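Asker: I would like the entire structure built from these sequences, with the hints used as guidance.
Protein chains: 4
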Amino acid sequence: MTTHHFNPTRYYTAIGSWEPVLRLVDGDTVITTTVDAWGYDSRGQQVTRGGNPMTGPFYIEGAEPGDTLVFQIDSITPNRPFGWTNHVFATNVVEPDFVLELPQIDGIAEWRIDVEAGTVTLVKPETKLGQFSLPLAPMIGCFGVAPAGDQAIWTATSAEHGGNMDYRGFAAGVTVYLPVFVPGALLHLGDVHAIQGHGEIVGTGVEVSADVQFTVRVVKGKHIGLPRGDDGAYIFTAGNARPLDQALQHATTEMARWLVQDYGLDVLSASLLMGQAVEYEVGNVFDPAYTMICKLPKRLLEPYWKG
Amino acid sequence: MTTHHFNPTRYYTAIGSWEPVLRLVDGDTVITTTVDAWGYDSRGQQVTRGGNPMTGPFYIEGAEPGDTLVFQIDSITPNRPFGWTNHVFATNVVEPDFVLELPQIDGIAEWRIDVEAGTVTLVKPETKLGQFSLPLAPMIGCFGVAPAGDQAIWTATSAEHGGNMDYRGFAAGVTVYLPVFVPGALLHLGDVHAIQGHGEIVGTGVEVSADVQFTVRVVKGKHIGLPRGDDGAYIFTAGNARPLDQALQHATTEMARWLVQDYGLDVLSASLLMGQAVEYEVGNVFDPAYTMICKLPKRLLEPYWKG
Amino acid sequence: MTTHHFNPTRYYTAIGSWEPVLRLVDGDTVITTTVDAWGYDSRGQQVTRGGNPMTGPFYIEGAEPGDTLVFQIDSITPNRPFGWTNHVFATNVVEPDFVLELPQIDGIAEWRIDVEAGTVTLVKPETKLGQFSLPLAPMIGCFGVAPAGDQAIWTATSAEHGGNMDYRGFAAGVTVYLPVFVPGALLHLGDVHAIQGHGEIVGTGVEVSADVQFTVRVVKGKHIGLPRGDDGAYIFTAGNARPLDQALQHATTEMARWLVQDYGLDVLSASLLMGQAVEYEVGNVFDPAYTMICKLPKRLLEPYWKG
Amino acid sequence: MTTHHFNPTRYYTAIGSWEPVLRLVDGDTVITTTVDAWGYDSRGQQVTRGGNPMTGPFYIEGAEPGDTLVFQIDSITPNRPFGWTNHVFATNVVEPDFVLELPQIDGIAEWRIDVEAGTVTLVKPETKLGQFSLPLAPMIGCFGVAPAGDQAIWTATSAEHGGNMDYRGFAAGVTVYLPVFVPGALLHLGDVHAIQGHGEIVGTGVEVSADVQFTVRVVKGKHIGLPRGDDGAYIFTAGNARPLDQALQHATTEMARWLVQDYGLDVLSASLLMGQAVEYEVGNVFDPAYTMICKLPKRLLEPYWKG
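Chains as they are written, first to last, in my numbering: chain S, 7 to 313; chain P, 7 to 313; chain X, 7 to 313; chain E, 7 to 313.
In short, the hints are calculated from the structure, not lab data.
Hints are supplied without guarantee of correctness; some may be wrong.
In this list, chains with the same sequence are indistinguishable; a pair is considered to hold if it fits within one copy or across any two.
To be verified - Straight-line C-alpha distance at most 30 Å; calculated DSSO-like pairs for lysine-lysine:
id	residue 1	residue 2
1	Lys130	Lys226
2	Lys304	Lys228
3	Lys130	Lys228
4	Lys312	Lys228
5	Lys134	Lys226
6	Lys226	Lys312
7	Lys304	Lys134
8	Lys130	Lys304
9	Lys304	Lys226
10	Lys130	Lys312
11	Lys134	Lys312
Predicted, not measured: the structure shown is a model, and the values here were computed from it.
Answerer: What follows is the structure, encoded as structure tokens:
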């Protein structure tokens, strides 16, 4: 269990079976950096072309197709004092007629990020909001493992392998589970947001470069269908598709399968439990594939855990 | 400001311009009862045909098209010790292929409702859940005002007038705002659930008859587009449509309009605020129209309130 | 088998269980008129408020819930020389970003309708199209039977009962089948278009008042789930829902059921036949419920007909 | 203008920037073969893994990002006497409840393909259809150019680059236009169907290996957004997305842009023309991205052509 310090020099805008940048073993920790969605680093310099450039891929020894990769997010720290967002709602998240009422404004909105104070503050443009501050809540917008076959999936979108899920719950302290499709899993990550609302409805979070620390493990022979997570209070699954209805179908089905796989339930008992206790959270409704999160409180599941 | 005790004898399964059962004035409170989704009352007797039978309609003096009706939910108390749910996931909330794995079980699942203890407990069938209890959390599944024109809208579905939104946030202590389409508004309510998960993914909450107390007010000359609510901590809007994407578009747009209407913001500032702070909650993904809730924390909005 | 001449004086903008205007028996023919979508008649005078006002309802003796009403469209003839359309694409049929490129133009576009010549010609505004003429192809935009229960369904939308399907295949010579939900079926019709493209993508056809002749029959004890039709060359089913995917699911399923019900097939053989031979046509993608048509050529089905 | 005979030995199941198998110049013709969706060739031998393996990619000299590749389908001839389909409807094309009525049958259905007679005949299983024959109508299910950036897109799905559109209109005699994203365009093709219904609702056409002849040209400096086609009678555009509504939005918008680009119209006149004359055809509603075709008759456009 080594801790690696890795400085990326090459970034990818698709998640695929690229030459690994580092080989890790079960239990290893990596401390690295990510650039922002447009390829700007901690100094505010563009070091690669935009479109959610990924740090990685990291090869995890022993990970084989059919296994599960455990991706534990240890810490996410914005490493520069400014971030940016779009100005107005994405055209696809409002009523079609309301699109005509959206102001057309060039450029980006700027936000000051104060890691010490734990705040994110709108700096520009001047608006009717006046001084507007929100608590810092860093998350990883895009991460995933190489997909099967010859595919390399654009970092704008998401699927079974993870990808650009833009869910604000992928924060420090969360353990993520990813299905492995290729030898070594080939983990990629990037596109950190200092904060983001549900749905990413302006098409961005507060986009920023960051220092990220994570730890990997491999669960041999455990097959899962979609990204899963555990934030201490909840377990959750991520469905990625359009429309949101289909993303919800994926997330719901994966949660039912998880209850059968690890909690000793059958589909009937999973239905009865989820029917009255399930929660959903919207990851994003902006990217080509939307992300819907299906959640269950862990305290409710404790009696059933067979893990 | 009178308190009325009203015992319903006639129920409707569509929300429309029926003969009012009671005339109320601004500030009046009503204490009444609702039957369950299949028309069974507190004694467990079927008193009307099923399909979310409505108590009402109540005529509110002075409410005219273009006004807003304030519907304050004072209390919701199940008035019998048993409720029921469906057994398994609705076929439309899981992956299409997973439908083949759903067990086909006749009849309904039974739940014991203990108002004193504040619990809802699965009684039948016996499952791998064993003893399974959840906290009582009563909500009104279906309520609304008469729609415009000649319409009478089925209580299975929802629209601008409210209807079968099946959102668990319509609970005691919540103030709901409804657009008025016809003179007197004509408020209907029914279909109480002792508890319900997000999404109503088995197609029911714990269905029960109930004692309900509510208070009405009229805001003259205030036009809103969709149901809105305030639960003390959050303000929220309800979008009703399929797919869920469209429900989300409606809810998001109504929230933006609310911020412009009552909080002195413009579309740009509403976008910047909502983009990083908005939350969504899934009402239901079972009914003909799905319901998506768009929420904002009230503490964030305090500086802007112009009411 | 009587031929009735009926002059409407009262119109409804919801399809419901209104007092019938005329009682018909099996085989009767009706010659009547319809006003245009905004309530304007053959003289160009507004005789009722807009929103697809319906002529009817017609009570058909002997039609009971569970039967099928046969609605044979004998003729549709625009009865004035002008019609109108919207100017530009509905905002929901183009990419959300493209909405910003739609010109905002007040008023309506005017078209000259020449029944003798069989043409529909754009008159105003002047555009880059210059002289632009299309062949006259009249259709009934909205028709249906009273829905079940207490409902009265807005004539803007459609469902199992028919309604505002805006499918250009509902033309003279077509036999339509409708499920009966209430005694007498209560047939409504209106909203004739002189021509309309697939999808009704500007939100209107060429809207016009018309003389309509139709004949009714009742098929006792025959249950169907959705509107069905026969245009001589094809049989077809109409699915009404959003998104279009769901409308397609309804239409496809109803066609499979029809093949089982009347053609002696089972689901396997219906699948094999439809899989390689089915056709779809888009009714509308503008109304609250979209309409998708599922079609099969009759020559292919002849060997199987058991009717 | 050379005619190349190319025998593929390597196939890809993602469309990407692979090493080209052949370099072509503007006007060149290629005669080649494709294997079926599961990698079986003309002898019925599996020569590569399944999942719509592609022949190619072909590098076209002079094609640069921002140009348009012209892909003219000269001929498609099944090169073996048997094809196969799935047995029953895909679970996503029928009502969710109807999924429970789908028979579960192992294996595939077999069809005899008689190129001389021009027929496709169901051989197995025996069904209530008895002898069931359809006219041979070969089409290319999947073809496209390498997408931008680092992407390699799975041949199960489709996007701006083309891909698995499964539209039966991609037949011999059709000229297809594709946007170029990478130098050389890198054209792939495969997945021929001997016939297919609209929508590919059993999840397959009659899958077969084939001899294919095509000719390529490059239109320098002409930018298009999506695949376009011309079948002699119609011009058409292909929108690829889910839900079908979004695919329709893409196809409609691309057609409007085409009318502006090549026919001297503006958005107003394009709206007026398309509103009353547009046609849609469903490509597929099975693949991860659905395909909707937007069509206009060429005779209607002749007065406006500015090419």
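Asker: Hints first: check each against the structure and report whether it holds.
Answerer: For each hint, the structure was consulted:
Taking CA atoms no more than 30 Å apart as the test, Lys130 paired with Lys226 passes in neither setting, with 49 Å inside one copy and 38 Å between copies. Proximity of Lys304 to Lys228 under the C-alpha cut-off of 30 Å is restricted to the intra-copy arrangement: shortest distance 21 Å within a copy versus 44 Å between copies. Taking the shortest Cα distances, Lys130 and Lys228 never come within 30 Å of each other, neither inside one copy (48 Å) nor across copies (33 Å). For the identical chains of this complex, Lys312 and Lys228 are intra-copy neighbours only, at 14 Å inside a copy versus 53 Å across copies, given an alpha-carbon limit of 30 Å.
When the C-alpha separation of Lys134 and Lys226 is checked against a cutoff of 30 Å, the pair qualifies only between copies, where the shortest distance is 27 Å, while the shortest distance within a copy is 54 Å. Taking the shortest alpha-carbon separations for Lys226 and Lys312, only the intra-copy value of 17 Å comes in at or below 30 Å, while the best inter-copy value is 58 Å. Only between protomers do Lys304 and Lys134 lie at most 30 Å apart by alpha-carbon distance; the minimum there is 17 Å, versus 41 Å within a single protomer. For a Cα distance limit of 30 Å, the shortest separation of Lys130 from Lys304 across copies, 24 Å, qualifies, whereas the shortest one inside one copy, 41 Å, does not.
In the homo-oligomer, the alpha carbons of Lys304 and Lys226 lie at most 30 Å apart inside one protomer (24 Å), although the nearest pairing across protomers, at 47 Å, exceeds that limit. In the homo-oligomer, the alpha carbons of Lys130 and Lys312 lie at most 30 Å apart only across protomers (24 Å), although the nearest pairing inside one protomer, at 52 Å, exceeds that limit. In this assembly of identical chains, the alpha carbons of Lys134 and Lys312 lie at most 30 Å apart only when taken from different copies (13 Å versus 53 Å within one copy).
Checked against the numbered hints given earlier, this structure breaks hints 1, 3; the rest are met.
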